[in-house]
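Engineer: Below are the chains, spelled out letter by letter.
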Amino acid sequence: MTGRHFLAIVAVVQGILLAALLMLIVLNRWFRLRRRARVHPRRVAVEGVMQRWALGQAALGVVLVQLARLPISLAVDALVTWSARVPGERWRQLAVALEREWWARIIRSNSRSGRWWKRLECARFLSIAATAGDTARVLKLLHDSHPAVHIAAVATLERLQSPALATAALERLPSLAPTVGAYYAAMLRRSRAVVVQLLLAKLRRTDDPALPRLAEFAARLREPVLREPLTALAEHRDAEVRVQVARGLGSFPHAASLAALTQLVADALWPVRAQAARSLGMLADPASLPRLRALLRDPDWWVRLRAGLALTRFGAAGRNALLEADVGPDPNARNMAHLVLGLSPQALAEFAA
Amino acid sequence: MNELIRGTDFVILVYFLVLNSFYALLLVLSIPEIWEQTRLADDEDFQRLMQSDALPPITILVPAHNEQRTIEASVTAILALHYRNYEVVVVNDGSKDETLEALRHAFDLYEIPRTYPETIPTKPLRALYRSRKRTKLTVLDKENGGKADSLNAAINASRFPLVIAVDADTLIEADALLRLTRPFLLGRQIAAVGGTVRVANGCVVKDGIVTEARVPRGFLAGVQVAEYLRAFMFGRLGWNRLGGNLIISGAFGLFRKDHLLAVGGYDATSTVEDLDLVVRLHRYLRRHKIRYEIPFIPDPVAWTEVPESLRVLGRQRERWQRGLVAAMWQYRGMLFNPRYGRVGLIAVPFYTFGEMVAPLVEVFGYAITVVGLSLGVVNVPFALLFVLVAWGYAMLLSLWAVVLEEVSFRRYGRFGDLARLVLFATLENFGYRQCAVWWRLRAFLSVWRRKHVWGVMTRKGFDPVTK
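In the order they appear, the protein sequences are chains A and B.
One point on numbering: in this note's numbering, the residue at position 146 of the first sequence is 146, and numbering is uninterrupted.
One rule links them: number in this note's numbering = place in the second sequence (from 1) + 353.
Bear in mind the hints are in silico, worked out from the structure with no lab data behind them.
Accuracy of the hints is not assured; some may be wrong.
Distance windows between CB atoms, simulated [said to hold, decoys possible]:
1. B:Arg-392 to A:Arg-52: 54 to 62 Å
2. B:Glu-646 to A:Arg-334: 43 to 51 Å
3. A:Ile-106 to B:Arg-692: 46 to 54 Å
4. A:Asp-300 to B:Asp-406: 23 to 31 Å
5. A:Glu-240 to B:Gly-617: 21 to 29 Å
6. A:Trp-302 to B:Val-557: 40 to 48 Å
7. A:Gly-328 to B:His-435: 32 to 40 Å
8. A:Thr-262 to B:Asp-406: 25 to 33 Å
Covered stretches of chain A (chain B as the covering partner; in silico rule of three or more C-beta atoms under 8 Å from a C-beta of chain B) [unchecked claim]:
9. 26–37
10. 60–69
11. 140–151
12. 173–180
13. 330–344
C-beta atoms are modelled at their ideal positions from N, C-alpha and C, and glycine is treated no differently.
Work out the full structure, taking the sequences as your base and the hints as a guide.
Structural biologist: Okay, structure coming up:
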């Protein structure tokens with residue numbers, strides 16, 4: 001075969017492929033329009049009947065009939081959309097009723113599927129329609145290798161109170177990337193009672209490498225019983241734990257918190273000192289004013305900024321401290337006081353957030 | 354002489370085969386990638402994410418230079434994004450027009466003192482402003498230092514761990530930020546992530562939002578729609594699977610700030626700062642053995658106005674090519690260097706020998722064919738077939754991008770737009786491609802003369818904001 005023959009064959013194949021692609025574009029558009037024309041009225045019907053059911057004007061059976069008429073993926077979409085709009089008890093009735101539906105049984109069986117998108121669909125469905133009988137299924141999905149699946153599964157905690165699920169999610173929390181960890185934490189807050197008990201035990205294991213993440217989570221919960229174990233970690237050798245404790249104690253107004261923070265503002269590491277200064281501002285105890293004035297002379301810029309901002313939360317006393325520093329002998333304190341005094345209330349509020 | 358021409362023709366043929374085989378590989382790899390991305394995009398429960406505090410806070414960096422006509426619409430659209438925790442830092446880069454005044458008037462700015470250290474050195478800052486109307490907005494006014502310098506100034510002023518660079522003439526879709534954070538929410542080790550940039554010319558724009566995607570009727574803008582689709586829909590998607598996206602569009606890319614600071618931010622001397630930054634990021638992360646990914650995800654969309662005149666487009670393409678040449682030269686140590694993994698062994702060689710050298714080879718091929726034909730060395734039917742196959746292949750790639758668009762996002766709802774898109778994808782090879790080759794060739798000449806200019810971009814601007 002010569003080069004010319006080869007090119008001629010390639011040209012013919014290309015021509016066929018070009019024609020096939022054009023056909024594919026047209027057929028795909030036509031097929032999708034047809035499908036849309038078929039499905040759209042059913043979606044509208046589901047929307048209508050869901051609305052009436054949410055208002056108590058339609059029976060649950062009618063909702064189930066309309067949902068069954070939709071393709072499974074669209075039925076799950078509709079359920080996810082409406083789950084946020086319907087009150088808890090009413091939604092639980094729907095979740096229980098869905099257990100008997102054929103299409104819901106198919107979705108549930110997908111928790112064992114080898115295809116991640118099927119498991120994802122199952123996890124999304126269970127996150128809004130799981131019942132106590134689904135605990136084992138959700139547990140399996142929580143340990144799924146595909147991140148989208150276990151992230152969808154953890155949302156089940158929003159609606160299903162289960163110590164087993166909460167424990168599994170909390171065990172996984174420290175090993176997750178920060179953003180995913182934050183999402184898990186948000187979901188775990190719904191199971192507060194179980195989570196607090198677990199945290200009380202975990203925060204006492206001082207050699208646990210997951211301690212910084214657990215301390216961060218404990219601080220976010222703002223549960224009074226967690227103050228004591230958090231305070232006990234103020235002298236922990238891991239700087240990240242001390243940072244989280246320094247940050248978290250600002251949410252626990254107590255003499256022990258103040259004592260721990262007073263110790264933390266003298267830490268060798270600036271991130272610890274900066275967070276401790278911030279927390280002292282949040283507690284705004286007049287006894288900590290001299291400490292914060294001293295921190296305006298800290299060698300680190302961020303610690304000085306945090307101390308300056310903290311002083312603005314002490315009312316007239318804090319403002320006077322800043323005005324004194326503004327004309328004082330220390331150049332660092334002077335500059336920072338000048339900067340903080342020039343901030344608008346809005347800027348201060350944004351820094352506080 | 355005859356042997357030389359035949360030999361050269363053979364080399365060009367082999368180059369053509371290798372390059373197009375690589376494009377075919379990208380095309381094949383884009384299929385599972387778009388399938389997975391579409392699934393993930395469809396299955397997202399945005400309401401739940403919006404309500405959670407898991408969303409990482411983001412700083413949006415908006416460099417603006419002489420953008421008085423579009424700045425209000427752009428910033429208004431950015432401030433209307435569906436995202437819980439973000440701030441916008443607009444940098445007026447020594448504009449000679451009324452950009453700062455337009456901002457001051459539209460957002461009721463007031464001056465504040467500077468509250469952050471200058472981590473990356475930049476041109477002097479004149480003033481820092483906040484808005485009384487929009488608490489998320491900060492405006493920096495600085496001396497002119499170019500886009501990279503402005504972005505560095507904005508990075509210095511940013512408060513959040515993720516930053517996204519957005520051109521002031523770019524319109525971001527309301528849920529684009531939320532979608533762009535998906536790889537972070539999936540727990541992957543992301544250093545940067547890029548979204549799709551689409552052509553806004555011809556679209557219906559209301560209050561800085563593209564309300565209806567249209568394909569422009571003009572040839573030049575229309576052809577660029579097909580070109581952008583090809584670059585994003587299968588080029589970058591394919592690179593996801595090869596682990597070496599070298600370009601995160603400067604008009605729409607989300608970066609981890611700590612990595613940006615570690616590499617010293619954008620290079621103010623580069624003419625294509627986005628390519629330069631991503632290559633430097635790869636180099637830094639590989640050298641320090643930090644696990645990372647720099648993926649492209651197709652569903653977050655930003656719309657940009659493309660040039661509609663040959664002169665402006667030529668300048669833009671020349672600059673892009675100049676930047677590519679400069680970057681490939683500057684980072685030549687990465688070429689075929691196993692220390693940089695797939696980036697050094699696949700991506701950098703492809704961009705060097707495929708993208709950078711391609712216009713030289715193409716023109717050389719045309720020239721040698723003409724000489725060969727005039728000397729009777731090259732067979733006429735063979736030459737014609739070769740050109741036909743080369744153009745046919747390019748058409749296939751463009752049409753494939755249209756297919757990927759149609760089976761996934763289908764932004765162009767009207768049949769007329771789809772027909773025009775197919776037409777432009779087909780016609781791109783006749784005239785436009787040759788112009789592009791010429792502009793890219795000129796870039797080599799500019800590099801030779803050490804010319805370093807951006808050129809003035811003329812934009813029509815979008816509709817004004819409805820009050």
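Engineer: Taking the hints in turn, state whether each one holds.
Structural biologist: These are the hints, each one checked on the structure:
1. B:Arg-392 to A:Arg-52: 54 to 62 Å: violated (32 Å)
2. B:Glu-646 to A:Arg-334: 43 to 51 Å: holds (46 Å)
3. A:Ile-106 to B:Arg-692: 46 to 54 Å: Since Ile-106 (chain A) and Arg-692 (chain B) have Cβ atoms about 50 Å apart, the given range 46 to 54 Å holds.
4. A:Asp-300 to B:Asp-406: 23 to 31 Å: Holds, at about 28 Å.
5. A:Glu-240 to B:Gly-617: 21 to 29 Å: The hint (21 to 29 Å, Cβ to Cβ) holds, given that Glu-240 (chain A) and Gly-617 (chain B) are roughly 26 Å apart.
6. A:Trp-302 to B:Val-557: 40 to 48 Å: holds (47 Å)
7. A:Gly-328 to B:His-435: 32 to 40 Å: At 47 Å between Cβs, range violated.
8. A:Thr-262 to B:Asp-406: 25 to 33 Å: holds (30 Å)
9. 26–37: holds (count 3)
10. 60–69: violated (count 0)
11. 140–151: Satisfied; 3 residues make the cut.
12. 173–180: holds (count 5)
13. 330–344: holds (count 5)
The structure does not agree with the numbered hints 1, 7, 10 stated previously, though it agrees with the rest.
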